[in-house]
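> The sequence shown runs contiguously to residue 336 in UniProt numbering.
Hints in this document: simulated from the structure, not taken from any laboratory.
Virtual Cβ for every residue (Gly too), placed ideally from N, Cα, C.
Any given hint might turn out to be false.
Pairs of lysine-lysine residues, derived as DSS-like cross-links and limited to a Cα-Cα distance of at most 30 Å, are as follows [stated by the list, open to error]: (1) 232 to 262; (2) 288 to 319; (3) 205 to 228; (4) 232 to 278.
If you anchor each label on the Cβ, the simulated ranges turn out as follows [what the hints assert, rightly or not]: (5) 80 to 270: 25 to 31 Å; (6) 295 to 255: 45 to 51 Å; (7) 289 to 258: 41 to 47 Å; (8) 295 to 80: 33 to 39 Å; (9) 200 to 293: 30 to 36 Å; (10) 291 to 17: 39 to 45 Å; (11) 207 to 186: 28 to 34 Å.
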Amino acid sequence: MHADQIDDFAARAKGCEARGDCQQINQEMRDLSLKQQEEMIAVCASNPAACKEKYGDIPANGLLVRQAIDRVLGADVPSQMKNDMSSLLAQQIEAEGIVSSTEFAHQLISRYGIDKQQAEILAGAALGAVTGGMGSSKGNKPSSSNAVKENKGANSSTGQQVNAGNSGVKTPQNQTGKTAERVIPENFTAEVSKHNTQVGLLNKKKTSISGAHKQDTFLESVEILGAKVTNKITDKKYPGLIEYSYQLPSVDRTGKPIGYKKTQSKTTYDPRLLSDDKVLNMSTQAAKQSKDYFISNPDKREYSTKVDGYWFRVTKDAKSGEISNAFITMPSRNIP
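Whenever a hint applies, use it, and build me the whole structure from the sequences.
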């Protein structure tokens, strides 16, 4: 999505609880982002020249999109809209790859389940904006209302499923057919982004804060959960990393605070020194570097690897056999 579209939806979402239209606004945003992504894939897979003409400015405008996403995360909007930002960031990264590589666009045609006939329809609709068929010029965007109306029923017609836990990121229906070679799931990037920026969530045992590796979201989680920070460590060898020691509150059966739980630690990154995009790209690279290890050692569930001078802990899901996460860590002091 374009930065101004994200800003527009965020503006509409303010006060939606009182009006009762939060769900409608969120769904319109998801439908529009999905429609635009499918059109871009269809154009770039079939017409590289038109792809460059219509979408060539996407990589250059990536920073504007990321800034718009950050504004939403800091705005007074429903939590569901904030959660959807991880999917929009993943789509932006995907879009930058599509514009840069025709082959990548062809791969996504298959991944999104877009058949030849539908690709022609999508490409024709998108290119109409360039040729004047829709009365628009390069860079102009359809209104959110028109785009959503045109996209109604698109999920069922394309034979795709929307993963509810992934805020609208699409995955193929045959995703359950795992192979040893495909250790990294297709929604990995979106899930890692969501993990790094989620706020106020606990792990299954309720003994530690889950995710929140971005410093701002961790500190917000500490405040929301009533935890206390007991120590803070930095290391000049790993600029931008801060390791916090913290304790969650302990309560009795009535919910009355009776002290604090065992001290836990969390490695966070300062987005002023390590951007969300940089950390996300390094996490993806860490997962790729760990792929062969997990294939060769199917019983192992964790692996540590170094990317661009930073250490990442990569984990594998025991049931699916797929890599489930790759998060940045502050290593033990005896690790170079």
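> The structure should be examined with respect to each hint, and the outcome stated for every one.
Consistency of the hints with the structure:
1. 232 to 262: Cα-Cα ~16 Å, so holds.
2. 288 to 319: 20 Å, holds
3. 205 to 228: 19 Å, holds
4. 232 to 278: 23 Å, holds
5. 80 to 270: 25 to 31 Å: 27 Å, holds
6. 295 to 255: 45 to 51 Å: At 47 Å between Cβs, range holds.
7. 289 to 258: 41 to 47 Å: The hint (41 to 47 Å, Cβ to Cβ) holds, given that residue 289 and residue 258 are roughly 44 Å apart.
8. 295 to 80: 33 to 39 Å: 37 Å, holds
9. 200 to 293: 30 to 36 Å: 33 Å, holds
10. 291 to 17: 39 to 45 Å: 44 Å, holds
11. 207 to 186: 28 to 34 Å: 31 Å, holds
This entry satisfies every hint, going by the numbered hints stated previously.
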